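J.: For the protein sequence lines, the chains are A and B, in the order given.
Taken in order, the first sequence gives residues 1 to 420; the numbers are from the numbering used here.
Taken in order, the second sequence gives residues 1001 to 1420; the numbers are from the numbering used here.
Simulated from the structure, these hints should not be mistaken for lab results.
Careful: at least some of the hints might be erroneous.
Quick list of simulated restraints, FRET-style, between CB atoms [stated by the list, open to error]:
| id | chain 1 | residue 1 | chain 2 | residue 2 | range |
| --- | --- | --- | --- | --- | --- |
| 1 | B | Pro1335 | A | Arg213 | 48 to 58 Å |
| 2 | A | Gln61 | B | Asp1119 | 23 to 33 Å |
| 3 | A | Ala165 | B | Glu1051 | 41 to 51 Å |
| 4 | A | His72 | B | Ala1356 | 23 to 33 Å |
| 5 | B | Gly1145 | A | Ala197 | 28 to 38 Å |
| 6 | B | Ser1121 | A | Ala165 | 45 to 55 Å |
Some chain B residues flagged as far from chain A (calculated, every beta-carbon gap over 10 Å) [to be verified]:
| id | residue |
| --- | --- |
| 7 | Val1016 |
| 8 | Ala1021 |
| 9 | Arg1045 |
| 10 | Ala1075 |
| 11 | Arg1078 |
| 12 | Glu1081 |
| 13 | Asp1119 |
| 14 | Gly1242 |
| 15 | Ser1249 |
| 16 | Ala1257 |
| 17 | Val1290 |
| 18 | Pro1334 |
Since the structure is predicted, the reported quantities are computational estimates derived from the model, not experimental observations.
Even for Gly, the Cβ is constructed at its ideal location relative to N, Cα and C.
2 protein chains.
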Amino acid sequence: MERIVARYWMETAFPVEEAAATIAGEQSTGTFVAVPGETQALRERYAARMERVQDLGPVAQASLPGSGLPRHGKAERRAAEIELSWPLENMGTSLPNLLATVAGNLWELKALSGLRLLDLSLPAAFLDRYQGPQFGVAGTRSLTGVYDRPILGTILKPSVGMSAAETAAQVRMLAEAGVDFIKDDELQADGPHCPFAERAPAVLQVLEQHARRTGKRVMYAANITGEVDEMLARHDLVVQHGGTCVMVSMNSIGLPAMKVLRAHAKVAIHGHRNGWGLLGRSPAPGMSFVAFQKLWRLAGIDHTHVNGLSNKFCEPDDSVIASARACLTPMFAPPHPGCEVVPVFSSGQTARQAPATFAALGSTDLIFAAGGGILGHPAGPAAGVRSLQQAWEAAVLQIPLAKYAESHGELRVSLESFGG
Amino acid sequence: MERIVARYWMETAFPVEEAAATIAGEQSTGTFVAVPGETQALRERYAARMERVQDLGPVAQASLPGSGLPRHGKAERRAAEIELSWPLENMGTSLPNLLATVAGNLWELKALSGLRLLDLSLPAAFLDRYQGPQFGVAGTRSLTGVYDRPILGTILKPSVGMSAAETAAQVRMLAEAGVDFIKDDELQADGPHCPFAERAPAVLQVLEQHARRTGKRVMYAANITGEVDEMLARHDLVVQHGGTCVMVSMNSIGLPAMKVLRAHAKVAIHGHRNGWGLLGRSPAPGMSFVAFQKLWRLAGIDHTHVNGLSNKFCEPDDSVIASARACLTPMFAPPHPGCEVVPVFSSGQTARQAPATFAALGSTDLIFAAGGGILGHPAGPAAGVRSLQQAWEAAVLQIPLAKYAESHGELRVSLESFGG
Chain A
1 MERIVARYWM ETAFPVEEAA ATIAGEQSTG TFVAVPGETQ ALRERYAARM ERVQDLGPVA
61 QASLPGSGLP RHGKAERRAA EIELSWPLEN MGTSLPNLLA TVAGNLWELK ALSGLRLLDL
121 SLPAAFLDRY QGPQFGVAGT RSLTGVYDRP ILGTILKPSV GMSAAETAAQ VRMLAEAGVD
181 FIKDDELQAD GPHCPFAERA PAVLQVLEQH ARRTGKRVMY AANITGEVDE MLARHDLVVQ
241 HGGTCVMVSM NSIGLPAMKV LRAHAKVAIH GHRNGWGLLG RSPAPGMSFV AFQKLWRLAG
301 IDHTHVNGLS NKFCEPDDSV IASARACLTP MFAPPHPGCE VVPVFSSGQT ARQAPATFAA
361 LGSTDLIFAA GGGILGHPAG PAAGVRSLQQ AWEAAVLQIP LAKYAESHGE LRVSLESFGG
Chain B
1001 MERIVARYWM ETAFPVEEAA ATIAGEQSTG TFVAVPGETQ ALRERYAARM ERVQDLGPVA
1061 QASLPGSGLP RHGKAERRAA EIELSWPLEN MGTSLPNLLA TVAGNLWELK ALSGLRLLDL
1121 SLPAAFLDRY QGPQFGVAGT RSLTGVYDRP ILGTILKPSV GMSAAETAAQ VRMLAEAGVD
1181 FIKDDELQAD GPHCPFAERA PAVLQVLEQH ARRTGKRVMY AANITGEVDE MLARHDLVVQ
1241 HGGTCVMVSM NSIGLPAMKV LRAHAKVAIH GHRNGWGLLG RSPAPGMSFV AFQKLWRLAG
1301 IDHTHVNGLS NKFCEPDDSV IASARACLTP MFAPPHPGCE VVPVFSSGQT ARQAPATFAA
1361 LGSTDLIFAA GGGILGHPAG PAAGVRSLQQ AWEAAVLQIP LAKYAESHGE LRVSLESFGG
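Starting from the given sequences, assemble the full structure and let the hints guide the process.
T.: Take a look at the structure:
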């Protein structure tokens, strides 16, 4: 029978193998005393298996409160990387039930003073139940008509407070400035001061007019986050008005709602990861975005956020790049679909980050979203957009930004304005 | 306009008021440069408001990686408790969108080296959209016929591996032993080796026969966790076979799926919190269960897990009791419903924990779930159940367990077997 594999970083004062066995027991067949029915045969068939243990050496102190010490023997706290596997037969190809196994009660175990889910490897059998991304990289390029460079986007700001008409006016200005992609802020879905049923049609009408005039269809990720019936109705409204994308806050809606949306969707699904810091900022407890994004790709997102280099948040650059690479790495080998999705770079992004982003990712298959980097450009948003296009041209050509800026004025102003 | 209030513990090297203002800005109107449209009037209407700041003194080191230091002035790291409020107009009465505001990007802020959401206070207007618990404490007592003492339960073990017939056989034994409540393990929902469509009817048939024979209807929390359509179909199967409860893993399904289930449900909803440790074990980052459970009560759960005193996991007793008290504390003042739910004590529970649990909670409105504490009783599970009943009689009468055990044999054996 195929197996599910999960890789963890862990920290324990127990012998590492013993602590790993505690996780395996808790997450497959365990209780705290032997009970009738728990036979050796049953254990052999259903127990989690320790595939690999790599000792990472001693650690000075416990990362998490509430951890225990062994009753006997020397207590030396160590970190380790472990790999556990479970038979698919335990939970079947069900993402919600997979979570209870690989991300259930194990963070509460006394034997552990630190635990981070690093990665997951799932059998392709999950594709029998989950549809994966409908558009992904190629589909999103096709919907936006942008090839051979990143899709350049921006986020509607201020986050909250604008009316539908004010939002549409901002969208008109941004479309005229030349952006490829515009998204709602995650704080704006259906606020009473800016109802979705007013905002989305107003915005999409502007973009429809723009498309007729220029031939360019700007993608608008309309934040449909809400209850299941609301999301489906808002999706339909978007489709009805010619939209090509909807956005949802993944942590707010959960995997089952995403699956319903995916089955229903006719447009791209933009998966916003707000709330991610609660899961991912700390090494202990934590879940890496590399593991997290796989669940949502299976469930059907087409894009997801990875933060950006030199972002205004706490995430280090290597973590950002690891997430982005993961989005573009196939989850399954051919002939199965790889379920790749578009990584979305955002948070304090300007022209300055383009070269390092391209160098680290080796690809332009991404959405590069800049807020202030476009709207804050001294020569106006159109110059802001051009400065980003120029920065990415330079990045791909491997010409230093400062040199490229000598012959590209908008980029030069951008470099002067958004400090180095 | 009514406001939403969130209370946080935070840690920062910036002046506390400045860091709190950063959160408020990020979660209502902010971007990193001033943008057109962000007027003073808009800020006054929609900005988050700092209601209270309580300095908790200096801390030696940053709890989380990635935190920043102020550019100017002295950097002294301090902890504080802060209360922020937002106008309901920002997001409306939508729990998924409330999450993006009170539990969104703020954990990623560089200004913070620690953040924990401690509590939430929501306007009663949320009751216009959310149904709250359908059964709660009184309804669950009525469904089980258990009054004036805790509902005594157990969890089917081993967690995974039993067939439907084996599960039903264990349920027969437990029902005959006298338990009031039986729940599936969170690891067992619809495993290919134990399909829900076989297990639930087999179990409920046993309980139906037992009810006809004895007049006692044992509540079976059938783990219906899965996709939305699966959960509704499994709920219906439970109802069709005379069941009175369904169980879902809250972190696996998300709030919108819970709202759909609640609107559909004819029986009690048992909200399992597995995965909770990832959110709640650490002070930084974290979300307290006191805040978390309010969201799920509004969405419609009737019971939820709070761990147990002296549990086998890492959670300290004061945290367990704070969670349990929160479940029994009204969320809204009359004439609105309080939305109280039944706290479920579990994890290594035996007769020994009854007195301290009662003393701390001051109530018997709880489910007390013991696994090994019942099945591991040397005189058999019926004696295990009687020992728990006796322990709770003693607790309520405030008679020491050892004294009560002198005249109650099952309790005496239990105390001897499950070490002190």
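J.: Now tell me, hint by hint, if it's right for this structure.
T.: Right, here's what the structure says about each hint:
no.: 1; hint: B:Pro1335 x A:Arg213: 48 to 58 Å; verdict: holds, 56 Å
no.: 2; hint: A:Gln61 x B:Asp1119: 23 to 33 Å; verdict: holds, 29 Å
no.: 3; hint: A:Ala165 x B:Glu1051: 41 to 51 Å; verdict: violated, 32 Å
no.: 4; hint: A:His72 x B:Ala1356: 23 to 33 Å; verdict: holds, 28 Å
no.: 5; hint: B:Gly1145 x A:Ala197: 28 to 38 Å; verdict: violated, 48 Å
no.: 6; hint: B:Ser1121 x A:Ala165: 45 to 55 Å; verdict: violated, 33 Å
no.: 7; hint: Val1016; verdict: holds, 18 Å
no.: 8; hint: Ala1021; verdict: holds, 15 Å
no.: 9; hint: Arg1045; verdict: violated, 7 Å
no.: 10; hint: Ala1075; verdict: holds, 16 Å
no.: 11; hint: Arg1078; verdict: holds, 18 Å
no.: 12; hint: Glu1081; verdict: holds, 18 Å
no.: 13; hint: Asp1119; verdict: holds, 16 Å
no.: 14; hint: Gly1242; verdict: holds, 25 Å
no.: 15; hint: Ser1249; verdict: violated, 5 Å
no.: 16; hint: Ala1257; verdict: violated, 4 Å
no.: 17; hint: Val1290; verdict: holds, 16 Å
no.: 18; hint: Pro1334; verdict: holds, 26 Å
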